[in-house]
Structures are given as structure tokens and as C-alpha cells.
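Protein chains in written order, with our numbering: chain C, 28 to 323; chain Z, 24 to 304; chain E, 17 to 306.
Quick caveat, the hints were computed from the structure, so don't treat them as lab data.
From the three backbone atoms N, C-alpha and C, an ideal C-beta is built for every residue, glycine too.
Don't take every hint at face value.
Said to hold, decoys possible - If you only want the chain C side, here are some residues facing chain Z, beta carbon under 10 angstroms, derived:
{"id": "1", "residue": "R53"}
{"id": "2", "residue": "R57"}
{"id": "3", "residue": "P207"}
{"id": "4", "residue": "A311"}
Said to hold, decoys possible - Taking CB as the label site, the calculated pair distances span:
{"id": "5", "chain 1": "C", "residue 1": "P106", "chain 2": "E", "residue 2": "D234", "range": "42 to 50 angstroms"}
{"id": "6", "chain 1": "E", "residue 1": "D124", "chain 2": "C", "residue 2": "R255", "range": "27 to 35 angstroms"}
{"id": "7", "chain 1": "Z", "residue 1": "P143", "chain 2": "C", "residue 2": "F110", "range": "42 to 50 angstroms"}
{"id": "8", "chain 1": "C", "residue 1": "T270", "chain 2": "Z", "residue 2": "Q277", "range": "44 to 52 angstroms"}
{"id": "9", "chain 1": "C", "residue 1": "V68", "chain 2": "Z", "residue 2": "H164", "range": "45 to 53 angstroms"}
{"id": "10", "chain 1": "E", "residue 1": "L39", "chain 2": "C", "residue 2": "V68", "range": "48 to 56 angstroms"}
{"id": "11", "chain 1": "E", "residue 1": "G36", "chain 2": "C", "residue 2": "V236", "range": "35 to 43 angstroms"}
{"id": "12", "chain 1": "C", "residue 1": "L254", "chain 2": "Z", "residue 2": "A249", "range": "56 to 64 angstroms"}
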Amino acid sequence: MSASEFDLLRSVTLGQYLPTGSVLHRLDPRVKLLAGLLLLVAVTATSSLAGLALALALVVGGFVVARVPLRYALSGIKPMVPFLALLALLQIVAIPQNDLNTTLLWRWAFVTLTVRDLVAAALLFLKFAVLMWGFSLLSFTTTTTELTHGTEHLLRPLQRIGLPAHEFALMVNIAFRFVPLLATEAERLMKAQASRGADFGGGRRLNFVQRMRKQLPLLVPLILSSLRRAEDLILAMEARCYTGGRGRTHLIHLHAERRDYLALAGILVVLALTVAAGFLSADAVIWRAIASIRTS
Amino acid sequence: MPEPLIRTHNLEHVYPAGGGVPALRGVNLTVRRGEYVAIIGANGSGKSTLARHLNALLLPTEGDVWVNGWNTRDAARVRDIRQTVGMVFQDPDNQIVATVVEEDVAFGPENLGVPDDELPARVRWALETVGLSAQAKRPPHLLSAGQKQRLAIASALAMKPQCLVLDEATAMLDPVGKAELLLTVRGLHRSGTTVLAVTHTMSEAVEADRVVVLSEGGVVADGTPADVFRDEETLQSIGVDVPIISHLARMVAQRIPDFPSDVLTVQAFADAVCHRLGGQG
Amino acid sequence: MNADSPWIELRDIHYTYLRGTPLEAAALRGVSLEVRAGETVAVIGPTGSGKSTLLQHLNGLLRPQQGQALVLGEDLGNSAVDVREIRRRVGLVFQQPEDQLFERYAGDDVAFGPRNYGLPLDAVRERVREAMESVGLPFEAYKDRLTMTLSGGERRRLALAGVLALEPQMLVLDEPTAGLDPMGRRSLLQYLRVWQDEAERAIVLTTHNMDDVALLADRIYVLVDGRVVRVGPPRQIFGDPGFLLEHGLGLPSATQVVQALAGRGCSVPVDLLTLEEVADAVERLAYERV
């Protein structure tokens, strides 16, 4: 039997926390945040499929160590697939890679499809996928609390030059706290309005304005409720003497241990290889090696 | 006689968007240390407005409010006033700031600059007092509404206030949550905390030493629960109900002579009945 | 559907949220329920027992994952069923319904429902007028009021009017009196009574307020942990206070008094429901001694 029309949280893995108590869960959040940053840099900078495969192996290995069901973890990419397919297509059409070094596979009017094109498309796809899976690994193994503490601790040295680290961390923390509440509220509102016959689906012949108007029964109450929550929260914070980050003391202190440094070092090495693979033309080397194995 | 903890004099408050109609008019209220005061009134009578003057969240448009001898208009004393009078609001979700129970409790003392090494003990004590020690490391969204409100109390207690103001704190709770909260509040009162409970649940109001009735911004009654709930007609005319048992006692008193009509709780009613009947079943 | 069959028949309904993911949670584990024309059925149970999930099966917001849901003769397990038509005839009122108001002017919000069903403008106007008058918000005075400037009680009544404007046969209400002050509560309960008696209608409600249940319900389902643990009329259910207390449920005021009296050896009948009955019983006891 089909599930309800309203099960919104089903296919969203990014931002989900899974408490499996693995060693990854126990790492210092600063290490995980830095790893995320390094992954972003490495994946963006590399031009090698082999390098990306390394990064992918790192992330998948992470899922295994973290005891996250692999199928569930990888399914997080599903909502993105149409968008990525479109991007890949655009890449092939708009950025032709038909210099002399590559084989022409197919031609139609002004569109050429070469091996290089396929490689570029695959790179694009993989880059997004690895990033998405990498960040979902981060959220599976790190509570939002740890993330904000980690961010705040990393930014604290900058407080001396006037960066409002605590205010920023608090803002992020409050956002994390209320987004799930808002999601639940949105679902409830959709159900309530549907019970009055509302139909949020877009019709074929509706223009943008009409489509937006259809969302009003959802948007208006949500915005009003958010404003109300914000007002209440401000009162509650003032009642507890919040006046900004200056002069505050702290209950939570992060302590990095040896395993944190080791993990960071390991990740750094793998990701450095990911980038290096691009510079060392690792793809070409591997391709030639495969070709020579085949002919021998 | 020691200085009262809270005193208001001719307190008047007009909201900027209120069209000139005062939300509070000429309120003179005194709260002594250790008292348990319930503030009741119909919706719109000014209950919450009054509560927010007691910790300087609102300032009077006319008149004065003193907390522990400090005038709420004194900007230099606002921090002290808010540390002295802690507040718990109606919506369990909208007053929790942190994503871990113990960190929310620590929020207040952290703001006050309580030294890092004293914080863990404070948090532990506050959580123990409200019975949430086992939940210390959990995220608040996994707590029931009643537990969230107790968390809010703990977060206020961690600042070591002398007085706790509850602004319709049980309004959004189910019966189990309400009972848990009232138990906690009773315990706090017994250990010396002054309690001010704004409520529209009459079974809560009867717990207090004193009931203050507001109507259209003014105080219309101020006395013990028994005294205040005696005049059922006047209360109903201003949109306030009497406790159900009070109503029942009055019905019985109309049928049986010499039946006390100022009974307020189920147990007291049962006692009165058995006393009247000579205790035979 | 013949004239005598129940309007609602739920048979062995199971429902699990986020099924198949690591976060799944079972909400209903085999619930059966029946509602007939002219009945008011109350579903009581501790928070988290599955009451809201159950209510959402009554107008097709949720389809049963297992079991059968027959609503006004339609099988909700069949995806071809016109579920929007069901939603017109079974009006579901959520908790704190005033949160769903979104139109600038009060009258427009009430009109939302009828407009969604494509009613012509003059019919919409008539529906809005009738609905608003019936909940005590006179049409001319309130239709052009700004929704957000109404009081909490008025906004709740407006939200209710929004559902009534669809002229449903059944009202399903999730905690209808939650957050209302005593006067608001009284007038809402009275209104529900009147609404039900006006025509062939039925009401299903969930609530934590046992006095409301004692007043309105013809039959009570006690839901605990996704299962129905007891069904019966109020006198039967409240006549066994021990069972309710065991499951963390409250008691109507009358029952609390009966229990307190029994505890002191003063015996009154266990199945008293209203304060009047208690007062009468005490009076009888007193004059028996004379």
C-alpha cells in the first residue's frame, strides 16, 4: 500500500543524525568539520576520476565504519539525480571537449560526444555525489550541537579581531533546533489545508504567480509562526540575561585526543592524493596500464 | 517587616499598538518573600503583561515596579533583576535555546559569567531539582512537553533566582505534564522560592497561598483562594471560572444545610462529606 | 453502503512512520474502530498513543499500510477513491486550528474551503455566512475584519467555521478544547452538541479533558501504545477508574470525587458522570441517615 502523500522526511538523508555509537561519532567535531572542508577543496580541485574514486572510497569507508546502512546512505542522492543528469547533459552540449587527443563517439548537428565529454560528465556527477555523501556522513556522525561547538571553537581565535563567533554559533544552533520543528509544522499545515480541499500540486497551465498563490495557505501561517517563535525566543533569552558573546563563560570545552589527530592526518593524506592524482595524470597512467594488460 | 520582594505602585501599561487602551491600569501589588501567588483573569485581562513587568521585560508607561528594592527602570540593575526573578513561558519549544538539555540549563549562568568550573555543579543541581538528571545529555526535542517545561524551570533555576514567575506554564501540557510541573513547583515553594503563577486553570490556582484576580487591566480581588472563589457570580461575570469542586460544593450546600461551600479540592470535598455524614459508608 | 452500516469502519489498521528507514516508528498496531450515524465517539489515550495518526485515517490523509479503512462506504485502501470528496464530507479539525488561518480578511479564510471545491460565488458567500453565524461570529460584523486582529477564541471559531463551510456530515476533532479558557470551552462543547443534533451527523474527537468526554461521548475508545485496550460507553469506562489510572489517563471530576469518597468508606455509585449526579448522590446519602 502506498505511503501517504505527505511523508516529507523520507528521502532526505542530509542533515539526519544516526546515533550508532561508532568511533566516527566520538571524533572531535573540529576534525570532522575540517575534514568536510578538505573534502570540498579536494573534490573541487581534482581533475582525475581515479582521484575521485579514492575520495569516494574514503566516504564509503566512512559509512561502513560509522555503521550506517549503505543502501540508505547512498539513497540520499536520489532527489538530486534529475538535476545532475541535466547538468551533465548541459556539460556535454555546451562545453565540447573535442580536441585531437580524444575519440569521437557520436555526432548530431552541432553536438559532438567524445570520450572526453563522457569523462567530464562522469567527473561532474561523481564530484557532486561524493560531496553530498561526504556531507551526509558528517551529519550522520555529528550532532548539530557538536557541529556548532566545533564551529565556535574553530572561530574563537577570530573573536579577538571582532568576529562574533558566539553569536554566529548560536544563530546556527537555533536554526538547527527550529528547522525540524518547522518541517513538522509545514507537514501539519499541508494536512490541515488539504483537509479543506486545498491542492498544492502545480497544474499544467498555471503560471508562476498562480503557483505561488497556491502555496500561500502554507507559507503565510509558517512565516507567521516563525515570527512568533522568534519573538518568544527573544523574550526567553533576554529573561536569561543574554547580551551577546562578550563576557560569557562556557560549560562545554572540546578536547582533541591522539586519535583525532591521527584521523585528520589520514584524511589529509587521502585527499592530498585525490588532488595529486589530477596533476600526475593518474587517469592516463591507469588507462594505459589497463590497455596493456588487455593486449598482453 | 522585611522589604517585599516585589512591589508595584500605580502600574500602568499601554502597548504602542494598543490604541490607547491600557493593558494594565493602576495595579498595586505586593509580593513577599516565600509567597505563592496565583494570578488569574480572562484572556486579555493583563495577566501576562503584568508578569513581564516583574523582570523588566516590559517597563511601565506610568507608575513603578520594584524588585528587591531596585526600580525596573534602572538600566544598570536589569541584569540583577532578571537574575532575581526567573521566568518560564507558555510554549515549551520557544524558550529552549540549546540542542542538549544540560547546555540549555547552562545558558543562563553562562550569560551571567558564572566561572567555568562552577557551571557543571550548577547544571547538575538544577536538573536534579526538577527530576531531569537522566536527560542531561539528550536533545530537547526528544522530551515530552511536560519535561520541556521542567527543563525551562531548571534553566531558570540555574541562575539561582529568588522568585519564579510561571506565565501560563501548564497551558500547553497534557494532564500528566501538568501534574509533574505542579509537583515540581510545589517542591520549589517548599524550599523557599517565591512563586508567581499566571494561570487559567483553577485547580492550579487553589494551590497558591494567595489569588489575585485581574479584569480589564485592574485588580478586582486579592485574597486567599477560599475568599476569592466564594463569589462565584462576580467571577463568572468577568469571565473567570471557579474550581469545579467549588461549584460542586455550592450545589451540595443548596441541598444539604450546613455543608461548607468554600471547599476547593477533591480531597477536601470528600473530607467534608464524610464529616457531615459522620464518616459511615 | 446501506442505511444501517456504520459510517466509519476501521479494521485492524497498522501504520508505521518512516517505514523502511532506520528511523521508523510504529504508531498504530492493529486498531479497529466503528462510528455510526448520530454518534459521538471519543478516543482517549496518553500522549503518543497514536490518536492523531488514527484521526488522519478518517479523511484519507493517511492510507492504511495494513488493514482496511471504510469511510462513508469508500475503501480508502483503493487509490482510485476520490479522497477530496471524502475530505469534504468528513471535516477534520486539527489541534490549534487557528494556526492554519492565512487570509487577510476573516471572511476570505472561511471561503477557502468552498472555493477549493469549485462552488459558484453566491453559493460560497451563503456557506460562509451560515458557517460564521453558527459559530457566533456574525457575518456582516466579522467578514471584513483582519484575521490576525481577532482574539484567540474568535480565531478558533473562525477556523472551525472554515471547516463547517464545507457542510460535512462528520466532524473529526483533535483536542478541540485545548488551550481554550473555561468560557470558550463551554461554548464550544455546547456548539458541538447542537451541531450534532441538528441533522444526521457524527463526531469523533480526541481529548485529554475527561469532563468533555463525560459530557459528549456516546462511546469511548481507549488507545494505548497504538492498540485499543478498551471500548465502551462512558459509564462503563469511567466506572473502572483503576484501569484508566494504570494507563496514565485522567478521570472526569465526578469520578475523582467518587474515588475519594470510596477511599473514605462513603459509598456512592461508581458510574456517576456529572456534578449534578454527584450532588444528588451525596444528598441521598445524607438523607438516608436521617
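Results for each hint:
1. R53: Violated, about 13 angstroms.
2. R57: Cβ of R57(C) sits 17 angstroms from chain Z, so the hint is violated.
3. P207: holds (7 angstroms)
4. A311: Hint violated; A311(C) Cβ to chain Z Cβ min 48 angstroms, cut 10 angstroms.
5. P106(C) with D234(E): 42 to 50 angstroms: holds (47 angstroms)
6. D124(E) with R255(C): 27 to 35 angstroms: Between D124(E) and R255(C), where Cβ atoms are some 21 angstroms apart, the hint is violated.
7. P143(Z) with F110(C): 42 to 50 angstroms: Given range 42 to 50 angstroms: holds, Cβ gap about 47 angstroms.
8. T270(C) with Q277(Z): 44 to 52 angstroms: Once the Cβ atoms are compared, 58 angstroms apart, the range 44 to 52 angstroms for Q277(Z) and T270(C) is violated.
9. V68(C) with H164(Z): 45 to 53 angstroms: Since the Cβ atoms of V68(C) and H164(Z) sit about 33 angstroms apart, the hinted range of 45 to 53 angstroms is violated.
10. L39(E) with V68(C): 48 to 56 angstroms: violated (32 angstroms)
11. G36(E) with V236(C): 35 to 43 angstroms: holds (38 angstroms)
12. L254(C) with A249(Z): 56 to 64 angstroms: violated (43 angstroms)
Violated hints for the displayed structure, listed by number in ascending order: 1, 2, 4, 6, 8, 9, 10 and 12.
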